[in-house]
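Residue numbers (the working numbering), protein chains in the order written: chain H, 1 to 337; chain Y, 1 to 277.
I should point out that these hints are in silico values taken from the structure, not numbers from a laboratory. A virtual CB, placed ideally from N, CA and C, is assigned to each residue, including glycine. Hints may be right or wrong, so weigh each one.
Below, simulated DSBU-like cross-link-like pairs (lysine-lysine); rule was C-alpha separation at most 35 Å, straight line [to be verified]:
1. Y:141 - Y:236
2. Y:53 - H:134
3. Y:270 - Y:236
4. Y:187 - Y:53
5. H:134 - Y:126
6. Y:236 - Y:71
Derived, one-sided and incomplete: chain Y residues facing chain H with beta-carbon distance under 10 Å [to be verified]:
7. 103
8. 106
9. 109
10. 121
11. 150
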Amino acid sequence: MTATSTPPSTSTPYAELKTPTTVRRLLTQPTTGPLVALLLACAFFSVSTTQFLTGGNLSLIVQQVMVVGTLAIGQTLIILTAGIDLSCGAVMAFGSIVIAKMAAEGTVPPLAAIALGLIVCAGFGMLNGALVKKIPLPPFIVTLGMLNVAFALTHIYSEEQTVSSLPGPLTALGQTFPLGKTDITYGSLVTIALFLLLAYSLSSTSWGRHVYALGNSPEAARLNGIRTSRLAIGVYTVAGLMYGIAALLLISRTGVGDPQAGQTDNLDSITAVVLGGTSLFGGRGSVLGTFIGVLIVGVFRNGLQLMGVASIYQTLITGILVILAVTVDQISRRKAR
Amino acid sequence: MTATTSTPILQARGLVKRYGHVTAIDGADFDLLPGEVLAVIGDNGAGKTSLIKALTGAVVPDEGEIRLHGKPIQFSGPQSARAHGIETVYQDLAVAASMDIASNVFLGRELRRPGILGSAFRMLDKKRMRQEAAEHMADLKIGLRSLSQAVETLSGGQRQAVAVARAVAWARSVVVMDEPTAALGVKESGQVLDLIRRVRDKGMPVVLISHNMPHVFEIADRIHVHRLGRRAALIKPSDYSMAEVVAIMTGALSVDETGGTVVADSKAAKAAGVQAT
Chain H
1 MTATSTPPST STPYAELKTP TTVRRLLTQP TTGPLVALLL ACAFFSVSTT QFLTGGNLSL
61 IVQQVMVVGT LAIGQTLIIL TAGIDLSCGA VMAFGSIVIA KMAAEGTVPP LAAIALGLIV
121 CAGFGMLNGA LVKKIPLPPF IVTLGMLNVA FALTHIYSEE QTVSSLPGPL TALGQTFPLG
181 KTDITYGSLV TIALFLLLAY SLSSTSWGRH VYALGNSPEA ARLNGIRTSR LAIGVYTVAG
241 LMYGIAALLL ISRTGVGDPQ AGQTDNLDSI TAVVLGGTSL FGGRGSVLGT FIGVLIVGVF
301 RNGLQLMGVA SIYQTLITGI LVILAVTVDQ ISRRKAR
Chain Y
1 MTATTSTPIL QARGLVKRYG HVTAIDGADF DLLPGEVLAV IGDNGAGKTS LIKALTGAVV
61 PDEGEIRLHG KPIQFSGPQS ARAHGIETVY QDLAVAASMD IASNVFLGRE LRRPGILGSA
121 FRMLDKKRMR QEAAEHMADL KIGLRSLSQA VETLSGGQRQ AVAVARAVAW ARSVVVMDEP
181 TAALGVKESG QVLDLIRRVR DKGMPVVLIS HNMPHVFEIA DRIHVHRLGR RAALIKPSDY
241 SMAEVVAIMT GALSVDETGG TVVADSKAAK AAGVQAT
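One chain only, chain H, in its complex shape:
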């Protein structure tokens, strides 16, 4: 075992090799830019409005972004493999209708309905991954098609009706607990835990390394013994599972199953991923960056609202931010070459 897992090594020290200092590494981190932008935005809104920097408001921001944030985790994984998922919002909407309707009609117990919703969403992800890798087809086209499939299924299955009067377990994650003087929802904790879990998996496991390698060059990954199509289908499936969890968070937040939900969430999740410094060309970025990206969107929306700016200007500013972020990505890639 040692012979195959460890190359034979010599004990010559190599004085010329130095690891960069912590400061230098922080400065060159791709998440540094987004973090600075987030902190500047927070500072700006703290000065211009009195309500911004209160526990209640910050908790509200996290609640507002938790659904898109959870979608963005899946989106990040897929974009890291140089793919893209346009179907995430529609898949989530279908998952939420499956969970809500099954549980409300009492055909299955609430927990079984939740499990079924998660499986359906993971299944959509797996199907996306299989079409992208096995046929193979461009991710943009596959997920555009799947967006329509999931959207139509949502409306067919729900018969265009909002599902209300849901059983308790479906909205449990919307319950709050006090932390100091602030109320925090359990759903926010779930989202944060998922971010930490995926951040760990990407940065500190072989699986994570392989995801980055796949995004860099599928051919290089294959030549180094990575089973690329299994890996890619796995990534899309995990992303689908994230959309299922997002569906549950959505229900817990709104208290209903709404067939109209999530229609712009695919673009919002891509926005968050890009603002967080992840490259649309694959192979570089992180979910922690995406977490910052999600917060940037949330902070801008919330802060501008508190300042009394009309919501259409929030959309305008988000759009400009995305173009800026992609420009920075493109320029830094050109420099790297």
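Put chain Y on the given structure of chain H with help from the hints.
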């Protein structure tokens, strides 16, 4: 080389590979001796690539026998050749550009932390991977500022060095290099040739596929000339001129049992300016 009488590390006899009506390998032989740099040369379409693919497991031959360390062996795929200690440096390098050097050296073969962190949490042992990668670099005298640099920040020659170091780190029998100097400038090519020499001096035999005749003559201990799907000659660069080797490659000359050359195509030989010895 003094090793001419020892068992070849990697040997093939009568390899055949057909694709429909096309015979890519037509009864090819191959011999790689311990501690040598064996150059494999041949015109485009001579079947070099198919031969190398058969020897590194990327292609399964229809007929013939491959022996590793004297024992018959069959590779089911590139992974099985790698498991037997045959590493390949690909022409396009097969590196992940945005990942750091240490991650590239260990790509697909990451080391995990000992104990529960490794088994239950699957945590990578980044420190050990960096250390070992540094040792391999030092071993081959590859000077790089930092192993946490992304590969994309390196020059072409440095990237090639990383790819070679990765192959040498894992190879236990043979390192195969496909056109390692093709994309490099003069100075960087020289550095890579030096690197190949150091790999050989560690005792690791190298199969070098190259189009560059001066490089081949500079570094190879022996030259395998491939023509029409089989080995046309196996010679020492000191015994022949570059023009003669090119003539063998193109079929103007052929080599008899005693090592002398025979004019096979007098017109072509005249055009190439060579004659039989």
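Cross-check of the supplied hints:
With a C-alpha separation of about 28 Å, the suggested pairing of residue 141 of chain Y with residue 236 of chain Y holds against the 35 Å cut-off. Taken as a hint, the residue 53 of chain Y and residue 134 of chain H pair is honoured in the structure, with Cα atoms around 24 Å apart against an allowance of 35 Å. Distance hint between residue 270 of chain Y and residue 236 of chain Y is fulfilled; the C-alpha atoms sit about 23 Å from each other, no more than 35 Å. Only pairs whose Cα atoms come within 35 Å are accepted, and residue 187 of chain Y paired with residue 53 of chain Y is accepted, the gap being roughly 30 Å.
For the hint pairing residue 134 of chain H with residue 126 of chain Y, the CA-to-CA distance comes to about 33 Å; that is within 35 Å, so the pair holds. About 26 Å separates the Cα atoms of residue 236 of chain Y and residue 71 of chain Y, which keeps this hinted pair within 35 Å; it holds. Below 10 Å, beta-carbon pairs count as interface contacts, and residue 103 of chain Y has one with chain H at about 6 Å; its hint therefore holds. Interface restraint check for residue 106 of chain Y: the shortest CB-CB distance to chain H comes to about 8 Å, inside 10 Å, so the restraint holds.
Checking residue 109 of chain Y against chain H by beta carbon gives a least distance of about 7 Å; that is within 10 Å, so the hint holds. Using the Cβ-Cβ criterion of 10 Å, the hint placing residue 121 of chain Y at the interface with chain H is satisfied: the shortest such distance is roughly 8 Å. Against a cut-off of 10 Å between C-beta atoms, the interface hint on residue 150 of chain Y holds, since the closest Cβ of chain H lies about 7 Å away.
The structure is consistent with each of the numbered hints, conforming to all of them.
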